[in-house]
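Engineer: Chain by chain, the residues:
2 protein chains.
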Amino acid sequence: MTEYLLPLEQMIEQLGSLPGVGRKTAAKYAFHLLELPAEDLEQFCATLLEGKRRIKTCKFCNNLCQGEVCTICADPKRVNGQICVVEDVKTLMAMERSGGYKGEYHVLGGALSPIDGIGPDQIDVAGLMNRIKNGPQPIKEVIVATNPTVEGETTALYITRLLKDTDILVTRLACGIPVGADLEYADEVTLTRALEGRQSLN
Amino acid sequence: MTEYLLPLEQMIEQLGSLPGVGRKTAAKYAFHLLELPAEDLEQFCATLLEGKRRIKTCKFCNNLCQGEVCTICADPKRVNGQICVVEDVKTLMAMERSGGYKGEYHVLGGALSPIDGIGPDQIDVAGLMNRIKNGPQPIKEVIVATNPTVEGETTALYITRLLKDTDILVTRLACGIPVGADLEYADEVTLTRALEGRQSLN
Numbered sequence: 001m002t003e004y005l006l007p008l009e010q011m012i013e014q015l016g017s018l019p020g021v022g023r024k025t026a027a028k029y030a031f032h033l034l035e036l037p038a039e040d041l042e043q044f045c046a047t048l049l050e051g052k053r054r055i056k057t058c059k060f061c062n063n064l065c066q067g068e069v070c071t072i073c074a075d076p077k078r079v080n081g082q083i084c085v086v087e088d089v090k091t092l093m094a095m096e097r098s099g100g101y102k103g104e105y106h107v108l109g110g111a112l113s114p115i116d117g118i119g120p121d122q123i124d125v126a127g128l129m130n131r132i133k134n135g136p137q138p139i140k141e142v143i144v145a146t147n148p149t150v151e152g153e154t155t156a157l158y159i160t161r162l163l164k165d166t167d168i169l170v171t172r173l174a175c176g177i178p179v180g181a182d183l184e185y186a187d188e189v190t191l192t193r194a195l196e197g198r199q200s201l202n
Numbered sequence: 001m002t003e004y005l006l007p008l009e010q011m012i013e014q015l016g017s018l019p020g021v022g023r024k025t026a027a028k029y030a031f032h033l034l035e036l037p038a039e040d041l042e043q044f045c046a047t048l049l050e051g052k053r054r055i056k057t058c059k060f061c062n063n064l065c066q067g068e069v070c071t072i073c074a075d076p077k078r079v080n081g082q083i084c085v086v087e088d089v090k091t092l093m094a095m096e097r098s099g100g101y102k103g104e105y106h107v108l109g110g111a112l113s114p115i116d117g118i119g120p121d122q123i124d125v126a127g128l129m130n131r132i133k134n135g136p137q138p139i140k141e142v143i144v145a146t147n148p149t150v151e152g153e154t155t156a157l158y159i160t161r162l163l164k165d166t167d168i169l170v171t172r173l174a175c176g177i178p179v180g181a182d183l184e185y186a187d188e189v190t191l192t193r194a195l196e197g198r199q200s201l202n
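Chains U and C are the protein sequences, given in the same order. Just so we're aligned, residue 1 is where the first sequence starts under the numbering used here, counting upward by one. Just so we're aligned, residue 1 is where the second sequence starts under the numbering used here, counting upward by one.
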């Protein structure tokens, strides 16, 4: 392992904290940034800090926004009594890209994971319940779009239990074969879920 | 392509300027940095700016250093009348990793490339000549370790011509088959060069 000058080592260490970046890639980034004119590197850093400063989370749904309320919560056309509950903003954005959903969202900021010390107080279940109870419009359906992992399923179950004495419909995204995939290569769990969720064609 | 909030778009644009980073990776980095506590992101940026501020280039050889002179030029054991000419600091570091070279270096900061407007004035040939003519010790050998590309070969030829009326030995790194490689998969140019550079075994 090459030893660099201390300030360069420190740059490499910081850049190596980016997701999926190892020491070699971090060194490549560090050399690139060192070769930039000083004002370009200052602009680079200023943009990152400015982004962090200006991007807030929506006070209703925790989506990213610039003011207090995100564009989805502020859009009167999206108010239709549906809330789609997601783990993070990336999932929200994936749902938006699909274009198939016209209701509102609620970003939990994680999923229940007792082993990692993440209980109901570490994710924003309280905010979701508050919106359902005290929101301006009645909620008819909560679509739980947490990931199909142990943590995501646990979270879905927890939310379902919290809402069991209401007349709100709680639904979950269908699990099954991805469109375009080959049945031969589907894993057993997915095949089982696809069979359980089979739908009538007539 | 997902459209993000403007400050997030600007973060993604800056991160996408890192070498080999596309939009998706840049977005992954941006989300990671957004999720950091503000003080961690400030530390991240401070380390990059501090590195840029503290790392200078050696006034003799252009290697990276923290003062005016790099550790190699300041090491009296390295003063042996040999200068290894490289295109960039990364090549210098690769040479140092090999451990096989005990002389000094000169970092040109590029290679001659008329098509890109890089002539002898855009790389530090003048500094090299100055060291050879006015340096404290006589130079016996200049090892031209520019890359085996058109630009690198042109640069090697140019330096050889500049030194043709001196009694300095000008050498070039051997081109040939990489150690451990299979001859079957070597390209024609490398094979030809390896044949031309064949060495007697007896």
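Hints listed in this document are in silico derivations from the structure and should not be mistaken for laboratory results. Hints are not guaranteed to be accurate.
The list treats identical chains as one, so a pair stands whether inside a single copy or across any two.
[Stated by the list, open to error] Pairs of lysine-lysine, DSBU-like flavour, derived with a Cα cap of 35 angstroms:
(1) Lys24 / Lys133
(2) Lys24 / Lys164
(3) Lys28 / Lys56
(4) Lys24 / Lys102
(5) Lys56 / Lys90
Engineer: All the hints need checking, so say for each whether the structure fits it.
Structural biologist: Status of each hint after checking the structure:
1. Proximity of Lys24 to Lys133 under the C-alpha cut-off of 35 angstroms is found in neither arrangement, the shortest distances being 52 angstroms within a copy and 38 angstroms between copies.
2. Taking identical chains as interchangeable, the C-alpha atoms of Lys24 and Lys164 are never at most 35 angstroms apart, the minima being 52 angstroms within one chain and 40 angstroms between chains.
3. Taking the shortest alpha-carbon separations for Lys28 and Lys56, both the intra-copy value of 32 angstroms and the inter-copy value of 18 angstroms come in at or below 35 angstroms.
4. In this assembly of identical chains, the alpha carbons of Lys24 and Lys102 lie at most 35 angstroms apart only when taken from different copies (25 angstroms versus 44 angstroms within one copy).
5. Taking identical chains as interchangeable, the C-alpha atoms of Lys56 and Lys90 lie at most 35 angstroms apart only when both belong to the same chain, with a minimum of 15 angstroms there against 40 angstroms between chains.
Against the hints set out earlier in the document, violations occur for numbers 1, 2.
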